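Asks: Hey, can you work out the whole structure from these sequences and the hints?
Number of protein chains: 2
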Amino acid sequence: MTGKLTVIGLGPGSPLQVTPEALAAVDAASDFFGYGPYVERLELRPDQRAHASDNREEISRAAQALTLAASGADVCVVSGGDPGVFAMAAAVCEAMEAGPPEWANVDFAVVPGVTAMLAVAAKAGAPLGHDFCTISLSDNLKPWSVIEKRLIAAADAGFVMAFYNPVSKARPHQLTQAFDILRAHLPGNVPVIFGRAAGRPDEKIRIESLDSARSDMADMSTCIIIGSVETRLIHRDGGQPLVYSPRSWSAGKA
Amino acid sequence: MTGKLTVIGLGPGSPLQVTPEALAAVDAASDFFGYGPYVERLELRPDQRAHASDNREEISRAAQALTLAASGADVCVVSGGDPGVFAMAAAVCEAMEAGPPEWANVDFAVVPGVTAMLAVAAKAGAPLGHDFCTISLSDNLKPWSVIEKRLIAAADAGFVMAFYNPVSKARPHQLTQAFDILRAHLPGNVPVIFGRAAGRPDEKIRIESLDSARSDMADMSTCIIIGSVETRLIHRDGGQPLVYSPRSWSAGKA
Chain A
819 MTGKLTVIGL GPGSPLQVTP EALAAVDAAS DFFGYGPYVE RLELRPDQRA
869 HASDNREEIS RAAQALTLAA SGADVCVVSG GDPGVFAMAA AVCEAMEAGP
919 PEWANVDFAV VPGVTAMLAV AAKAGAPLGH DFCTISLSDN LKPWSVIEKR
969 LIAAADAGFV MAFYNPVSKA RPHQLTQAFD ILRAHLPGNV PVIFGRAAGR
1019 PDEKIRIESL DSARSDMADM STCIIIGSVE TRLIHRDGGQ PLVYSPRSWS
1069 AGKA
Chain B
819 MTGKLTVIGL GPGSPLQVTP EALAAVDAAS DFFGYGPYVE RLELRPDQRA
869 HASDNREEIS RAAQALTLAA SGADVCVVSG GDPGVFAMAA AVCEAMEAGP
919 PEWANVDFAV VPGVTAMLAV AAKAGAPLGH DFCTISLSDN LKPWSVIEKR
969 LIAAADAGFV MAFYNPVSKA RPHQLTQAFD ILRAHLPGNV PVIFGRAAGR
1019 PDEKIRIESL DSARSDMADM STCIIIGSVE TRLIHRDGGQ PLVYSPRSWS
1069 AGKA
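Chains as they are written, first to last, in my numbering: chain A, 819 to 1072; chain B, 819 to 1072.
Worth flagging that the hints you see were computed from the coordinates, not collected in a lab.
Given the structure is predicted, the values throughout are model-derived calculations rather than measurements.
Be aware that one or more of the hints could be misleading.
To be verified - Keeping only pairs whose Cα atoms sit at most 20 angstroms apart, straight-line, the calculated EDC-like set for lysine to aspartate or glutamate is:
#, chain 1, residue 1, chain 2, residue 2
1, A, K822, A, D845
2, B, K822, B, D872
3, A, K967, B, D1037
4, B, K987, B, D1034
5, B, K941, A, D925
6, B, K1022, A, D925
7, B, K987, B, E915
8, A, K941, B, D892
9, B, K941, A, D892
10, A, K822, A, D925
11, A, K967, B, D974
12, B, K967, A, E966
13, A, K987, A, D957
14, A, K941, A, D892
15, B, K941, B, D1055
16, A, K1022, B, D865
17, A, K822, B, D1055
18, A, K987, A, D1037
19, B, K822, B, D865
20, B, K822, B, D845
21, A, K822, A, E915
22, A, K822, A, E920
23, B, K941, A, E915
24, A, K941, B, D925
25, A, K941, B, E915
26, B, K967, A, D974
27, B, K822, A, D925
28, A, K987, A, D974
29, A, K822, A, D849
Said to hold, decoys possible - Examples of chain B residues toward chain A, derived with CB under 8 angstroms:
#, residue
30, V903
31, M914
32, V929
33, T933
34, A940
35, F950
36, K960
37, R1065
Quick reminder that beta carbons are idealized off the backbone N, C-alpha and C, glycines included.
Replies: As structure tokens, this is what we get:
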């Protein structure tokens, strides 16, 4: 007997950014696996079971969810943001590929969501309005040399960048190194946006320049957007400037 | 008297992927500007006015919306997907910067949405599960040489890529050129996903390899995802394979 496994994204945190499709998947499922703070966002019925786990247990969480789904349950794996961007959809696929054959035949679906960089970009203006890269700064799962190479490639090719997992208690220095690398490849005045809890009551959006950006402006929940030489500021009366990347290329006249 | 301008994203097309925040912005506004097919998705009241326009009129549409908002109206500019990714948020910022000073002081907000690459990725598995680039293949607004440089940089640095605006009637050849460039920089077996109308009744998700990918598999509404050497396939009984990019780096062993 084979059940179902749906990986859903709850968006950056505001209930107003959760899609009806994600809510329908929650309504249909019996068991919920995910990082504690995401599972806690759900309003479950008494007949639904939450299996919350720690942030660093993605693969064992995925294996538990697949085991239960393969036994016939309707299982939901919960991510914040979008489940396909540095989140649980890839972890479930990894577990599925490494696991017993019956796991690969579970009815499997992914429900997309609003990922953090889109919510942060929306609050700042339109910094992702042209070509951009999305990079995890965590070197838990890839060598730092690969991250370094990607930062330089992205800067030299003129991509705007969005950073996920910029710092953690175990990795306090990577973001400082990343800023140092970028300062060698980009002008110091490109805008840098630090966005945290976009759309939630504790939202913080901070606009700096590459020269003034420091790693202590971020924590593990911050999404950082680094402008390109094309990215521009619009100053406005009594408020934060808007940051946007024009749709057209101007050979870096900004 | 200054009104309000909100740029909203309706997601890829399914009503189940429209956020409550976008619906609330629609409910509050009096006037709606956007590309015809997006404006037609709205269920407007008799007291609300639709101002639909052609796909290529982004800046004049933005200027009209800003003029009306500056005169006191509550105006909504409508995009498909996310308004910040190759869509109207940047066009409104461009018009605002070039326009009269009062435009910059309109109450301005952007409401994020599910952008096409996230919806297509969800249907395929988790191809955007690790570092990726998002690139518009249109050379209407930037020289083809810049696009070429970015494709090569992204391929050589190991990024997965998502292409927007891959082809149009006026630009039938760019996608063929892009595939040719990538074939010189990536193995022929990296997966290529062609996704169209994800989540809608006419959805089409097609999985090819870089060697077998052809430009006539796409039209202007297709989002294309190009895997990296890390991207993997999981074959499943009686269905399309899952495509995913592992969270960890394996030095291209795939």
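Asks: Each of the hints needs a verdict: does it hold here or not?
Replies: How the hints compare with the structure:
With a C-alpha separation of about 13 angstroms, the suggested pair K822 (chain A) and D845 (chain A) falls inside the 20 angstroms cut-off, and the hint holds. Proposed proximity of K822 (chain B) and D872 (chain B) is contradicted: the alpha carbons are some 23 angstroms apart, above 20 angstroms. Proposed proximity of K967 (chain A) and D1037 (chain B) is contradicted: the alpha carbons are some 33 angstroms apart, above 20 angstroms. For a cut-off of 20 angstroms, the pair hint linking K987 (chain B) to D1034 (chain B) stands: about 12 angstroms separates their Cα positions.
For the hint pairing K941 (chain B) with D925 (chain A), the CA-to-CA distance comes to about 13 angstroms; that is within 20 angstroms, so the pair holds. With a C-alpha separation of about 19 angstroms, the suggested pair K1022 (chain B) and D925 (chain A) falls inside the 20 angstroms cut-off, and the hint holds. Annotation: proposed proximity of K987 (chain B) to E915 (chain B) is violated, straight-line Cα distance about 31 angstroms (limit 20 angstroms). Taken as a hint, the K941 (chain A) and D892 (chain B) pair is honoured in the structure, with Cα atoms around 19 angstroms apart against an allowance of 20 angstroms.
Between the alpha carbons of K941 (chain B) and D892 (chain A) the distance comes to roughly 19 angstroms, so the proposed pair stays at or under 20 angstroms and holds. About 5 angstroms separates the Cα atoms of K822 (chain A) and D925 (chain A), which keeps this hinted pair within 20 angstroms; it holds. With a C-alpha separation of about 9 angstroms, the suggested pair K967 (chain A) and D974 (chain B) falls inside the 20 angstroms cut-off, and the hint holds. In summary, the hint linking K967 (chain B) to E966 (chain A) is supported, as the alpha carbons are separated by about 19 angstroms, within the 20 angstroms threshold.
Taking the CA atoms of K987 (chain A) and D957 (chain A), the gap is near 13 angstroms; set against the 20 angstroms cutoff, the hint holds. For the proposed pair K941 (chain A) and D892 (chain A), the alpha carbon gap of about 36 angstroms is over 20 angstroms, so the pair is violated. With a C-alpha separation of about 17 angstroms, the suggested pairing of K941 (chain B) with D1055 (chain B) holds against the 20 angstroms cut-off. In summary, the hint linking K1022 (chain A) to D865 (chain B) is not supported, as the alpha carbons are separated by about 36 angstroms, beyond the 20 angstroms threshold.
The straight-line distance between the Cα atoms of K822 (chain A) and D1055 (chain B) is roughly 15 angstroms, inside the 20 angstroms bound, and the hint therefore holds. Restraint check for K987 (chain A) and D1037 (chain A): satisfied, since their Cα atoms lie roughly 9 angstroms apart, inside the 20 angstroms limit. This hinted pair checks out: K822 (chain B) and D865 (chain B) have alpha carbons roughly 17 angstroms apart, not beyond 20 angstroms. Using a Cα cut-off of 20 angstroms, the hinted pair K822 (chain B) and D845 (chain B) holds, with the two alpha carbons roughly 13 angstroms apart.
Between K822 (chain A) and E915 (chain A) the CA atoms are separated by roughly 16 angstroms; this keeps the pair inside 20 angstroms, and the hint holds. In summary, the hint linking K822 (chain A) to E920 (chain A) is supported, as the alpha carbons are separated by about 12 angstroms, within the 20 angstroms threshold. Distance restraint check for K941 (chain B) and E915 (chain A): the Cα-Cα separation of roughly 17 angstroms lies within the 20 angstroms cut-off, and the hinted pair is therefore satisfied. Using a Cα cut-off of 20 angstroms, the hinted pair K941 (chain A) and D925 (chain B) holds, with the two alpha carbons roughly 13 angstroms apart.
A distance of roughly 17 angstroms separates the Cα atoms of K941 (chain A) and E915 (chain B); the hinted pair therefore holds under the 20 angstroms criterion. Between K967 (chain B) and D974 (chain A) the alpha-carbon distance is near 9 angstroms, which keeps this suggested pair within the 20 angstroms criterion. Our distance criterion of 20 angstroms between C-alpha atoms is broken by K822 (chain B) and D925 (chain A), whose separation comes to about 45 angstroms. Between K987 (chain A) and D974 (chain A), the direct Cα distance comes to roughly 30 angstroms. Violation of the 20 angstroms bound is thereby established for this hinted pair.
Straight-line distance between C-alpha atoms of K822 (chain A) and D849 (chain A) comes to about 11 angstroms, which keeps the hinted pair within the 20 angstroms bound. Using the Cβ-Cβ criterion of 8 angstroms, the hint placing V903 (chain B) at the interface with chain A is satisfied: the shortest such distance is roughly 6 angstroms. Here the hint on M914 (chain B) is kept, as its CB sits about 6 angstroms from the closest CB of chain A, short of 8 angstroms. Given the 8 angstroms rule on beta carbons, the hint for V929 (chain B) holds: about 7 angstroms separates it from the nearest Cβ of chain A.
Hint status for T933 (chain B) relative to chain A: holds, with the closest Cβ pair at about 7 angstroms, below 8 angstroms. For A940 (chain B), the interface hint holds, since its Cβ comes within 8 angstroms of a Cβ in chain A; the closest pair sits about 4 angstroms apart. Nearest Cβ of chain A to the Cβ of F950 (chain B): about 5 angstroms, under the 8 angstroms cut. The hint holds. Among the interface hints, the one on K960 (chain B) holds; its C-beta lies about 3 angstroms from the nearest C-beta in chain A, closer than the 8 angstroms criterion.
Interface hint status for R1065 (chain B): upheld, as the beta-carbon distance to the closest one in chain A is roughly 5 angstroms, under 8 angstroms.
Checked against the numbered hints above, the structure breaks hints 2, 3, 7, 14, 16, 27 and 28 and satisfies the rest.
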